[in-house]
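Engineer: What follows is the residue order along each chain.
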Amino acid sequence: MSKKTHVQTEINGEGIEFLCEPRQSLLEVLRDELHLTGAKEGCNNGNCGACTVLMGDRIVNSCIVLGVEAEGEKIETIEGIATSEGLHPIQQKFLEHAALQCGICTPGFIVSSKALLEQNPTPSEEDVRFWLAGNLCRCTGYHKIVEAVMDAAKALNTEVADNA
Amino acid sequence: MPEDKEFKVIGTRPIRHDGIDKVTGRAAYGADIHFPDMLHGKVLRSPYAHARIKSIDISKASSHPAVKCIITSDDLPLVEDTITELGETVINLKYLSDNILASDKALYKGHPVAAVAATDPYAAEEAINMIEVDYEILEPVLDVRQAMEPDAPVLHESLKTESMGKGEDQSQNVASHSQRKHGDLEAGFAAADIIVERDFSTATIHQGYIETHNATAQYNEDGELTVWCSTQGAFGVRDQLSKILKMPVSKIKVVPMEIGGGFGGKVQVYIKPIAALLAMKTRKPVKMTMTRTEVFEGTGPAPGSYIRVKLGADKTGKITAAEAHLIFEAGAYPGSAVGAGSLCIFAPYKIDNLQIDGYDVVLNKPKSSAYRAPGAPNACFASECVIDEICQKLDMDPIKFRLINGAKEGDRRCDGPIYPKIGYLETVEAAQQHGHYAESIDKTPNGKLRGRGVASGFWMNGGGRSSVTINVNADGRINLIEGSTDIGGTRASIAMQAAEVLGLSSEDIMPAVVDTDSVGYTGVTGGSRTTFATGIAAINAAENIRAQMIGVVANHWELKPSDVKFKDGTFLAQKNGEELQMTFKEVAAVAGGPLVGSVTASPGGAGNGFATHIVDLEVDSETGKVDILRYTAIQDVGRAIHPSYAEGQVEGGVAQGVGWALSEGYLYNDEGHMTNASFLDYRMPTSYDLPSIETVLVEVPNPGHPYGVRGAGEVPLVPPLAAIANAVSRAIGVRMTELPMSPDRVLEAMGSI
Ligand code: FES
Ligand code: FES
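Line by line, the protein sequences are chains P and B.
Using this note's numbering, the letters of the first sequence correspond one by one to residues 1 to 164.
Using this note's numbering, the letters of the second sequence correspond one by one to residues 1 to 753.
For reference, chain P alone in the conformation it holds in the complex:
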């Protein structure tokens, strides 16, 4: 076993320190060391998006990011998306639209969708389908996922309008 590295980072708004081997992926650190198991492993080589998390303002497949790369970063995982106020509108719309079946892909889709709507608050269906093409879902055929994301965009925009 190689010597462990000390890493200081922020996860879901909390300052976190951990030790990890240089070869461990961020996904392994999250799941096995920090027990944040919301990010899932579907392929471990960057092809399915089940492990999607936000690192700064980038969406990353945490299975192909090293744990040590989290040093000094701000990480957001599915566990950080609902707040003490309740579910995020994207989560709520996934429920209302039945946008999940087995649910294993859902954390990845929700994290990716959140990043999309932060960058593009009024995406077209084409935009949503293009953006989410990095996340595989084998159960739903994506139809209800796309509907949920479009509807969440609407809900978020209404929220913004109400607050203005």
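Just so you know, these hints were derived from the structure itself, not from any lab.
Incorrect hints may have been included.
[Unchecked claim] Once the Cα atoms are required to be at most 30 Å apart in a straight line, the calculated DSSO-like pairs of lysine-lysine come out as:
| # | chain 1 | residue 1 | chain 2 | residue 2 |
| --- | --- | --- | --- | --- |
| 1 | B | 181 | B | 408 |
| 2 | B | 181 | B | 105 |
| 3 | B | 393 | B | 408 |
| 4 | B | 60 | P | 4 |
| 5 | B | 318 | B | 94 |
| 6 | B | 281 | B | 105 |
| 7 | P | 4 | B | 105 |
| 8 | B | 318 | B | 181 |
| 9 | P | 3 | B | 60 |
| 10 | P | 3 | B | 181 |
| 11 | B | 585 | B | 560 |
| 12 | B | 281 | B | 251 |
Once you've looked at the hints, dock chain B with the ligands against the given chain P.
Structural biologist: Relative to the frame of chain P, chain B with the ligands by itself:
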């Protein structure tokens, strides 16, 4: 039949009970299990597709400081070469065991040969590479037609072809040959004005569930084994473990964790017995998860197939005779879905003269397993394409052809039974009336070729045993305890049926999927059986509770139970001219003790499922790429309990069908190595590859279910292959007969390469 009955809960779209856990990342899947002192298991797999295992030397690996245990097939109990009943199927025990850890021969690349438990997963991986195996490499056979040749390499020296109960002189790789026939085939073809005969082939493909297989096992000093895992059926896992490990079922507890997709691929066990054995030997919890490559190379794909169909029809479009030969890849051990494929191939039609031959053939690929309507998509691909060609030659509308020949109540299915009330023609009529079909397609916009395809499909649907226990709490909400793992919203669809009986809301029910110690035997979540069969168990348990509550109310009011009526969630009676009434919640409060209703149901009458799909697509004549433009899927679901999740089944089935038709397939090199064992190279459709999918649910209630439910999960994967092939064929003017219709194949068909 409550055809016009008003439902309060059925047909509504409440939020599923496990939804919040699943959108917040809290839901616990198999790989999320963690024990502080657990070991990690890893499997050594054969690098050869066909090899004799001469010896295995574990001495070097054993000296690895982190290694706690190494096992090979010698550590599995010796099981007999016998056919045994396993849950609801029959299997050969020796084959089952040899597929877990190869004994004398490795029969596919990825076949497990040994396994290691170590203190961390990296060490386990290092250690398996230190195990030395001496192989005698044998020639592999990778194509069913080659495997049937008399001089083909033989996988199992002791295999004898089973042919309708008798031995048959065939290549030793033909595990079985079955035949169904009725009528007079020759006379039928003689009466035909047109006959079309064609060969079709489909690639080996994978279910492609996003969660890989996992298992964590713990063995206690008292001999009790617990296995936490991802499975479609905890009791099926328990049965298999009991046979493979020769342990009584009562010593085994299987805890089904949340499951990340299955589609038939998470019924058969792979690493679960290995984790169990390692835990038994080390007395420590052992966790194992597969990599994606291990899933592709070592778990049941859906069989590749060769199918020949010959169909005759007269000028009016009436089918006069049909003949099919289906040859399916069983994989390394007998048991493909050719039986089901043979049964489904002409099932949507009334055909008086037919013959169907099915061959189950072993070859050097992983043992095939079920995949959503196993066998039917392959089979109907062939038959529905031939039907389309006949329609073209007769210049007949394909919907009209189906209206002429479609089976209905009272007609005989190809394998014998007479159809009860079915909804096939209703799906065809709905297709005919749909706006999609009415709108014509512009054939050649911007140099691309457009085509429309239509196809139908059939699936039997299953029943079988399911158990449900209902506990009534003093506040009137109920716990519904079930054994059906929830892959696609069945907690909701089952709870809603109990809610309907008891006049409660879906939210008043708290469903829980529990382990094998905590509920009665329940069959797998598969065969499109869960909403139907576990639903009936839930209805029966709810009726039992309702009867008990009537007793409580009668006591309370000092009346006879027969004086008490129940309507819309309220108990009613008249006493001395006075109207008495109590709500469910009020009765629960006065019950003065727990009310428990436990039921095991084993319903037949599952009610067959039919679907008809319409697809428009565009072929790029320069690249050969196919783009789906519009897709409409029509399906008889009997009764949609939660329409969103019924639609979800259809949408998901269509998406898988698009993959099967256009882009998915195992690629092999000559040595029998899969060359695309990753999600990058095994191309499943993404959101960008698909259009929105329009679903039309037709409801022809199933007389075998109190609310009319038919299974809905499998039949949506049956029509897409042919629908898409028919559309491509019509677009380019050449019949497509091989799946997947990848760009190179399309260009080849067009004569461009
Ligand atoms: S697990 Fe990271 S992309 Fe699949
Ligand atoms: S819901 Fe199962 S993979 Fe998306």
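Engineer: State for each hint whether it applies.
Structural biologist: Going through the hints against the structure:
{"no.": "1", "hint": "181(B) <-> 408(B)", "result": "holds, 20 Å"}
{"no.": "2", "hint": "181(B) <-> 105(B)", "result": "violated, 38 Å"}
{"no.": "3", "hint": "393(B) <-> 408(B)", "result": "holds, 26 Å"}
{"no.": "4", "hint": "60(B) <-> 4(P)", "result": "holds, 27 Å"}
{"no.": "5", "hint": "318(B) <-> 94(B)", "result": "violated, 48 Å"}
{"no.": "6", "hint": "281(B) <-> 105(B)", "result": "holds, 25 Å"}
{"no.": "7", "hint": "4(P) <-> 105(B)", "result": "violated, 42 Å"}
{"no.": "8", "hint": "318(B) <-> 181(B)", "result": "holds, 19 Å"}
{"no.": "9", "hint": "3(P) <-> 60(B)", "result": "holds, 24 Å"}
{"no.": "10", "hint": "3(P) <-> 181(B)", "result": "violated, 70 Å"}
{"no.": "11", "hint": "585(B) <-> 560(B)", "result": "holds, 21 Å"}
{"no.": "12", "hint": "281(B) <-> 251(B)", "result": "holds, 16 Å"}
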